[in-house]
Each structure stands twice: as C-alpha cells, then as structure tokens.
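Q: We have chain A already, so just place chain B on it with the hints.
Line order of the protein sequences matches chains A and B.
Letter by letter, the first sequence follows residues 1 to 298 of the working numbering.
Letter by letter, the second sequence follows residues 1001 to 1343 of the working numbering.
In case anyone wonders, no lab produced these hints; they're calculated from the structure.
Hints may be right or wrong, so weigh each one.
[Stated by the list, open to error] List of simulated lysine to any residue pairs, SDA-like, C-alpha gap at most 25 angstroms:
no.	chain 1	residue 1	chain 2	residue 2
1	B	Lys1332	A	Leu65
2	B	Lys1332	A	Leu81
3	B	Lys1190	A	Arg69
4	B	Lys1066	A	Glu55
5	A	Lys137	B	Arg1233
6	A	Lys167	B	Pro1335
7	B	Lys1259	A	Glu55
8	B	Lys1215	A	Val131
9	A	Lys137	B	Glu1212
10	A	Lys137	A	Leu179
11	A	Lys137	B	Ala1235
12	B	Lys1217	A	Leu81
13	B	Lys1066	A	Val131
14	A	Lys137	B	Leu1199
[What the hints assert, rightly or not] Residues on chain A that point at chain B, a partial pick, calculated with CB under 8 angstroms:
no.	residue
15	Thr36
16	Ile80
17	Gly141
18	Val263
[What the hints assert, rightly or not] Computed list of chain A residues with no C-beta within reach of chain B, every gap over 12 angstroms:
no.	residue
19	Tyr77
20	Pro101
21	Leu102
22	Arg112
23	Val131
24	Pro159
25	His176
26	Gly246
27	Ala264
Note that the structure is predicted; figures quoted are calculated from it, not measured.
All residues carry an ideal CB built from backbone N, CA and C; glycine is no exception.
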Amino acid sequence: MANIATEAGDASSSSSGGRRDRSALILLAGPLGWMTVFYLVPLSILLVHSIWSVEYPEIDHTPTLANFRTFFTTSLYPTILLRTVTMAALVTAGAMVLGYPLAYFLAKRVRRHRELLLMLVVFPLWSSYLVRVFAWKSLLGTSGILNTFLVWSGIVQEPLTVLLYSKWAMYITFLHVWLPFMILPLYTVLDRLPGTLLEASADLGAQGWRTFVRIVLPLSLPGLLAGSLSVFSLTMGDYITPTLLGGPGDQLIGKIVADQFGVANNWPLGATLIIPVLIIISLALFVSSLAGAMERRA
Amino acid sequence: MVKRFEYVLHATTERHADELKLIIWEGYADDTYRKPFEEANQVTVSPTEAGTGDEMFALMRESDGKNYDMVSASSDLPRRLYDAGLLAEIDTTKLSNYNKLYDQFKTPDYITFDDKLYGVNCAWGPTIVLYNTEEITTEPTAWNALLDEQYTGKIATWNYPIQIAQYALLLDPKPANPYELTDEQLAQVKDIPVRQRPLVRKYWDLGGEVAELFKNKVIVIADGWSWITLQTRAAKLDVQEVVPSEGVTGWSDSWCISKNAQNYDLALKWADWMIGDEGQIGITEVMNYSITNKDAAATLTPERQQELRLTDVEAEYAKIHMWRFIPAYDEKWVPLWNEATQG
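Just chain A, with the same shape it has in the complex:
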C-alpha cells in the first residue's frame, strides 16, 4: 500500500516537474525575446560597425581592421582608456570604503527609524543626475560654499582652484552620485546576515576585527561585488561629469565614443572604442561571478 502510494507520488511529481520546466521556458521566452530584440540585436549591429570604415560622408561597408589598427597606434585612445579604468577603480574603492560602514551600521546597529534612514540614502536618486552634478559644480567653485568656508576659517588663504575642473571634482562627484548603488546591495546582504553568527563568533572569543574579516566580509561578498560592479561600470561609461567638471586632459572614454557617434561622425571608430570597455566590464563580471557575486547565500 505504501509502495503504491509512493509510486503514485513519484509519477505525479515527475510529470509536474516536466510541466514546471515547460512553464519556466514559456515564462522566460518573453524577457529573453525582449533582451534579444532590444538589446542583443542592436548591440550586434553596433559592434559590426567596428569592421567598417568611413568614406566621407557615408560608411564604407567593406570589412577592414583599420579601426583596430588606429586604436593601437594612436596614443590617445589607450591613454584615455587607462585614465577611465583608473578613475573607475578609484571611485569603486572609495565607494567601498565609504559605503561599507554605512551599510553595516544601517543593517546591524540601527533599530528605530531604519526605513527613514534608508530612504535618506535613496533620496538623492529621486533628483536628476544632472542636477546633482551641477550642484557640485557650484559647491566646488572658487566662490562656492566649500571654498568660502575654507577661506573664512583660515584653512587656506586663497580659494582652491583644484576643486573644480579637475580630476578631484570628478572623483568627488562620482563618489557622491554612485554611493547609493554601493550601499543598497551591501545593506541587503548584511541585513540577511544572522546576528546569531556574530554572537557565536564573539562567544568563541573572536575580536571585532577578526569576526569582520573571517565572517562578515566573506558572507557579504556578493553584495560588495554587486555594488562594486555597478559603481565600476557606471563610471566607465560616464561622460557628463568629465565634460561639466573635468579640466583639460580629464576626459574619459565615454565622451570620445559619444563624439564619434555625434560630432566626429565616425561610427566605425566609436564602435571599435566600445569593445575594450565591454571586454573590461565582462572581465569584471567574470571575476565577480567566480568570487560568488551571483550566488544566493542563505
């Protein structure tokens, strides 16, 4: 009797498993189709431009590797690419240093008003990105609030010109606008971290720092990597901030690419310049997934 019941049970579960797989596929078809038509296809069309060239004023469709040669032989492009990667890495590091304590504090130390504080973190995202960049522009200027304070308090004699139209201005602005993207994934992961683990660690004699390094950090790695990926790729592609707040020689690859598709009228070169960026970000994604960013930790 029990045998028949289990057999029947097995039969029904395998067929419902099959149905589940089919329904999963049907459900996925929509988003996958959308991704293919509106993301993969346009991206492929874009990338294929890199093997074409411009014969004023039209695009010449005979395949050529000239653009790749141009990329490697013109010092401008590798220089700017390196500049962009460096800036992105530094901004990511800064966001980690600033964002982690804040996320930890919110997740583990705040009991009352947690939602309110969370909202305050997200609040800047409600305003337009451009508004925030312009706000920094006026804050950092020679007659801006920061310089006025520095001169008034006597910390400096003359307003600091290095604060605006410089890499510093870009760095501060990037940090500020992208920080919520680092804090939120970190917070989510840290929030799920059972407090009992930390208590157990303390009971077993681990000091605060050891608990952090051995338990908290590894378990929060998915969130940290997710946040870092966001901040890194956002900075890699940005061109508004360097244009508005950067000085001569501070431009990042995003503007060069945008120029190729706009004023310079050289789509093939623009497409070629995108490829290194895509490769770098794919590498970052790959490394992150190896380190476990894509896994769901209990």
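A: Okay, now just chain B, sitting in the frame of chain A:
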C-alpha cells in the same frame, strides 16, 4: 479602435504646420526678432542651440534633416550638409530683401554649389579674444595672449577643431591659407594647443559657459565671438574684446533650409525676416555682428558702422580668414585636435 490609435500616433509624431524648428548659434533666436516674427505669422519658433558646427552637422544627419527646418550654418558647414544631401535650394524670388544684400553676400562660394544657392547669408564676424579689464590692465592684442603663462589656470578656449586654423596663423612662416595645411604644418600646429593645455582651465563647448566662467572669476581671458562679449557684459563684468593681430579667422553665417523640412515656405519667411531691416538691426544690437544687408547698414550711425566693420565691407571682410569646408577635417583635423587637448 485602430483608427483612434492611428490618429493618436499621427498627432503625436506629426509636427504642426505652424512650428519652425531651428538649429542655431546662441543668440539667433533672441526675443527681439523672434517674438515679432511669431506674432506676425502666428507660428512658434523652436530653437535648438548648438555649440559647434560639428554638433549642427550631427543633429541634421541623425534625423536626415527631418527634425529641423533650418540651421544657421557658418561658412564651413553648408558644403558638408550639401554633400550629405541635406540642403534645399533657396528660392530667391520669395525673398523680398534679397536684393538689399551686398553683392558679395548674394551667392558666395560657401553656399553656392552647382550654380545654385543653398543659403541666405545674414551675418559675419571675426574670432575675438576677450578679457576681464579689472584683472588684466595691459591690453592684450594678439592670440598669443591665450598662451601667456602669466594667465595660467585662468584661460578658457573653445573646444572646436576648426580652431586649428587660428592656431596655424601663429606659425612662422604664416600659411597663406590656414585651412589648407600640409601634414608637416599640421604637426607643427599641434604643438601650440599642446603647449597651451597646462595653462587652460576649461575648454568651453557653449558660448554661454564663457560668461559663467568670467562671472565666477574662474578665468580672466578667453576666445569667442561678439555675442559672448555682450553676454558677459550683461553679467555685469567689464570685458573688452580684441581682434588677434597675428591674423584672424572668422565665420559667415547663412540660414540653410533642410531638404526634408516640414515648412519650406515658413523657413524662407524666417530667412527673409532675418536679412530684412528689423532682423539685421536686431542682430547688430543683440550680438554685435557685422551684417549683410546694405540698406540696413546704411541706417546705422557712422561710428556704429565703423565698429561693425561696415564702412568698407569688402576690405574688412577680406581681412578675415573665414571658416571654410576642409576635406580632411574628419580625417585629420578632428583627431589632431582631440589628441592635443585630451591625450
């Protein structure tokens, strides 16, 4: 149901017959001449400001000229638009003010292709250097002033590859035509903006930025054109402008009509208006540009004519190396400029 949807789609995408869409240099849609035109013709004029001729070209190309009716193209641009098949021929019989233009502006070579006219020339002027008289007491007289180390960190210069021609006028020996430069000359010119880069505080994109930079005391000297001087003065700053003594580049603006313009006739009316007396005098007042209408120029006082280079138009015009179409622009000038200013 389908019919309703079609109607809604049609209504949202179709542009009204009473709207004129322009791509302009800042100042060309000032209320002074825009409002009277709008009222007289019961239309709306919607301007889009562009910072460089390259931007204007890009805007026209993107939409195949369908999104805009007209563009205020400087002398380097119309040929590129024509080659890309984006310009409509001008029907001069519909322009009531056409015969009032000085002869040299009727069919100049930068808007005449295959013996047909493709633009309506309305204003011209030189590139100038402007400086804050409170900060700089000895008057700069040359383009060299923008390369002067005593102004380190307080210089702003235009981010536009055609400026290479202005820099080329500093070469020794000076090229006869700063727009026809050999590869060797180009390599020599490149050194100048490279030398200048550590001194520059900001490369500006839109003219309005320059006034802001002066106002916030970020810079004391910059390059630009007369509209910028007036804007900066409007921001209560005492600036003076100076034509570079080494030789000067400049621009001559024409209203070109898009081949796929929605409102060809309305566009012609705007062109006619801008070369008419009111439009031309408006231009002199709002932008301090030299104008192209003989009769309108005659109504100005002799001092004003002198200021605006209208006492002897032919001679004054000939002093300026007007921007012109450069076949190797995209291939050589743009990358060179980017390398010099960004690399």
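Q: Give a verdict on every hint.
A: Here is what the structure says about each hint:
A hinted pair counts as satisfied when its Cα atoms are at most 25 angstroms apart, and Lys1332 of chain B with Leu65 of chain A qualifies at roughly 19 angstroms. Only pairs whose Cα atoms come within 25 angstroms are accepted, and Lys1332 of chain B paired with Leu81 of chain A is accepted, the gap being roughly 21 angstroms. For the proposed pair Lys1190 of chain B and Arg69 of chain A, the alpha carbon gap of about 22 angstroms is at most 25 angstroms, so the pair holds. Note on Lys1066 of chain B and Glu55 of chain A: the hinted pairing holds, with a Cα-Cα distance of about 23 angstroms set against a maximum of 25 angstroms.
With a C-alpha separation of about 22 angstroms, the suggested pairing of Lys137 of chain A with Arg1233 of chain B holds against the 25 angstroms cut-off. For the hint pairing Lys167 of chain A with Pro1335 of chain B, the CA-to-CA distance comes to about 23 angstroms; that is within 25 angstroms, so the pair holds. With a C-alpha separation of about 22 angstroms, the suggested pairing of Lys1259 of chain B with Glu55 of chain A holds against the 25 angstroms cut-off. At roughly 20 angstroms between alpha-carbon atoms, Lys1215 of chain B and Val131 of chain A fall within 25 angstroms of each other, so this suggested pair holds.
As the CA atoms of Lys137 of chain A and Glu1212 of chain B are separated by approximately 12 angstroms, the hinted pair is consistent with the 25 angstroms bound. Only pairs whose Cα atoms come within 25 angstroms are accepted, and Lys137 of chain A paired with Leu179 of chain A is accepted, the gap being roughly 18 angstroms. Between Lys137 of chain A and Ala1235 of chain B the alpha-carbon distance is near 19 angstroms, which keeps this suggested pair within the 25 angstroms criterion. Straight-line distance between C-alpha atoms of Lys1217 of chain B and Leu81 of chain A comes to about 32 angstroms, which puts the hinted pair past the 25 angstroms bound.
A distance of roughly 31 angstroms separates the Cα atoms of Lys1066 of chain B and Val131 of chain A; the hinted pair therefore is violated under the 25 angstroms criterion. Taking the CA atoms of Lys137 of chain A and Leu1199 of chain B, the gap is about 20 angstroms. The hint holds against a cut of 25 angstroms. A cut of 8 angstroms between beta carbons decides the hint on Thr36 of chain A: the least distance to chain B is about 25 angstroms, and the hint is violated. Below 8 angstroms, beta-carbon pairs count as interface contacts, and Ile80 of chain A has one with chain B at about 7 angstroms; its hint therefore holds.
With 8 angstroms as the threshold, the beta carbon of Gly141 of chain A comes within range of chain B, its nearest partner Cβ sitting at about 5 angstroms, so the hint holds. Interface restraint check: Val263 of chain A against chain B, minimum CB-CB distance 3 angstroms, threshold 8 angstroms, status holds. The beta carbon of Tyr77 of chain A sits about 9 angstroms from the closest Cβ of chain B, which is not more than 12 angstroms, so the claim that it is off the interface is violated. The Cβ of Pro101 of chain A sits about 35 angstroms from the closest Cβ of chain B, beyond the 12 angstroms cut-off, so the non-interface label holds.
Non-interface call for Leu102 of chain A relative to chain B: holds, since the shortest CB-CB distance, roughly 33 angstroms, exceeds 12 angstroms. At roughly 43 angstroms, the least C-beta separation between Arg112 of chain A and chain B is larger than 12 angstroms, which holds for a residue marked as non-interface. Every Cβ of chain B is farther than 12 angstroms from the Cβ of Val131 of chain A; the closest lies at roughly 17 angstroms, confirming the non-interface assignment. Remark: the non-interface label on Pro159 of chain A conflicts with the geometry, its nearest Cβ contact in chain B lying 9 angstroms away (cut-off 12 angstroms).
Distance check for His176 of chain A against chain B: the nearest CB is about 21 angstroms away, which clears 12 angstroms, and the non-interface claim stands. In this structure Gly246 of chain A is not separated from chain B by more than 12 angstroms, as the shortest Cβ-Cβ distance comes to only about 9 angstroms. Non-interface call for Ala264 of chain A relative to chain B: violated, since the shortest CB-CB distance, roughly 5 angstroms, does not exceed 12 angstroms.
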